[in-house]
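Working from the sequences, and respecting the hints, build out all of it.
Under the numbering used here, residue 330 is the last one in the sequence shown; the count climbs by one each step, no gaps.
Hint data in this document are derived by calculation from the structure and do not stem from the laboratory.
Predicted, not measured: the structure shown is a model, and the values here were computed from it.
Heads up, a few of these hints could be off.
Said to hold, decoys possible - Dumping the calculated BS3-like pairs for lysine-lysine here, alpha-carbon to alpha-carbon at most 25 Å:
{"hint": "1", "residue 1": "71", "residue 2": "125"}
{"hint": "2", "residue 1": "125", "residue 2": "165"}
{"hint": "3", "residue 1": "124", "residue 2": "63"}
{"hint": "4", "residue 1": "124", "residue 2": "141"}
{"hint": "5", "residue 1": "141", "residue 2": "165"}
{"hint": "6", "residue 1": "71", "residue 2": "141"}
{"hint": "7", "residue 1": "124", "residue 2": "165"}
{"hint": "8", "residue 1": "124", "residue 2": "70"}
{"hint": "9", "residue 1": "63", "residue 2": "141"}
{"hint": "10", "residue 1": "71", "residue 2": "124"}
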Amino acid sequence: MESENCSGDAEKSRIYLELKPEGQRQKSWRMAMMSATAKELRLLTKKTSSSRALYGESANAIPQLLRPLSQRTVGDEIHPDLQEDLITTLVNLPIHDGNKKHVAENPITFLLVDAMKSGTIQTRSNVAAVLFTLSSPDSNKALIGSSSTLGSLIVLLDDGHLLAMNDAASANFDLSMIHENKDMAGQCVILKKKQADSCVDELLEILTMPSTHQKVVEELGEIGADQCLLPIIRETPCDQTKENCIAILHPLSMNDQIKLRETRQKENAFGTLSQLARDETLRAKKKKNRWHTRKPNVPVNLTYIV
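Now the structure itself:
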């Protein structure tokens with residue numbers, strides 16, 4: 025019985041994919057038809073693996089699914105419910121592992137970026153979830169990790185909607201794991217605006233990956249990230265957050281003689297790192313001890329610090 029249901033769902037999905045509203049029909053009829061189709065596809069791809077697998081069997085299936093988004097004329101607004109249903113269907117497809125590469129190889133990035141700018145908060149969160157899911161194979165990271173993608177994820181983080189922040193943080197972290205994407209990682213802005221945010225732990229986790237990349241180190245220095253990190257170390261009860269702060273602070277201070285002296289002055293005043301050394305994890309202790317023994321006039325090899 026279950027196999028019959030799956031077969032029926034797959035056939036239904038195939039029929040929906042081939043549905044094209046006739047050009048001479050009224051616009052309102054076409055919109056209603058597309059909305060109903062998108063909602064049904066969303067449910068089908070959530071419900072059965074056969075419906076999800078269907079999209080990997082045809083080169084035209086995903087472009088057909090996203091046609092209402094990709095073929096809009098300038099100034100033509102997409103209905104938010106239709107956009108959400110189509111994007112959520114896209115979220116469901118990579119549940120089938122065979123679809124991940126296939127989905128990423130389609131020209132979907134500009135549609136996802138547009139949805140992150142114009143969609144509802146649920147749609148925007150779903151886009152971040154799609155990007156996170158698709159980024160798991162390394163080959164996909166370069167395909168979808170464009171500057172516009174990373175920039176839109178940063179904006180989504182900066183908006184502060186709790187619903188979307190975790191997905192955006194996870195996607196940004198994953199995409200920043202390859203060298204090609206690290207120099208586009210504008211994650212440093214989140215320290216400036218999210219120091220008191222309830223998601224600061226997750227946001228700091230993002231920064232640990234690219235924080236030794238030269239351009240990111242420079243950007244962190246420009247916004248005074250070091251002055252944000254020490255108070256976080258003092259105030260947070262989370263050991264992992266303290267460790268992440270040290271992992272970011274170390275290359276930042278080692279790369280800039282002025283900031284190293286400023287950090288030493290803060291340390292002399294508050295004893296933040298000395299206190300940390302008494303009860304912190306082994307990795308954080310190593311970072312702290314390297315920092316304390318660092319001489320201001322000795323050059324640092326950043327590759328060694330990683």
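So, going through the hints one by one against the coordinates:
1. Simply put, residue 71 and residue 125 have alpha-carbon atoms about 21 Å apart, close enough for the 25 Å limit, and the pair holds.
2. A threshold of 25 Å between alpha carbons decides the hint, and for residue 125 with residue 165 the separation of about 10 Å falls inside it, so the pair holds.
3. Note on residue 124 and residue 63: the hinted pairing holds, with a Cα-Cα distance of about 22 Å set against a maximum of 25 Å.
4. For the suggested pair residue 124 and residue 141, the alpha carbons sit about 23 Å apart, so the restraint of at most 25 Å is met.
5. About 21 Å separates the Cα atoms of residue 141 and residue 165, which keeps this hinted pair within 25 Å; it holds.
6. Restraint check: the Cα-Cα separation between residue 71 and residue 141 comes to about 29 Å, which exceeds 25 Å; the hinted pair is violated.
7. Restraint check: the Cα-Cα separation between residue 124 and residue 165 comes to about 11 Å, which is no more than 25 Å; the hinted pair holds.
8. With a CA separation close to 16 Å, the supplied pair residue 124 and residue 70 stays within the 25 Å bound.
9. For the hint pairing residue 63 with residue 141, the CA-to-CA distance comes to about 22 Å; that is within 25 Å, so the pair holds.
10. Note on residue 71 and residue 124: the hinted pairing holds, with a Cα-Cα distance of about 18 Å set against a maximum of 25 Å.
Comparing the model with each earlier hint shows a violation of hint 6 alone; every other hint is respected.
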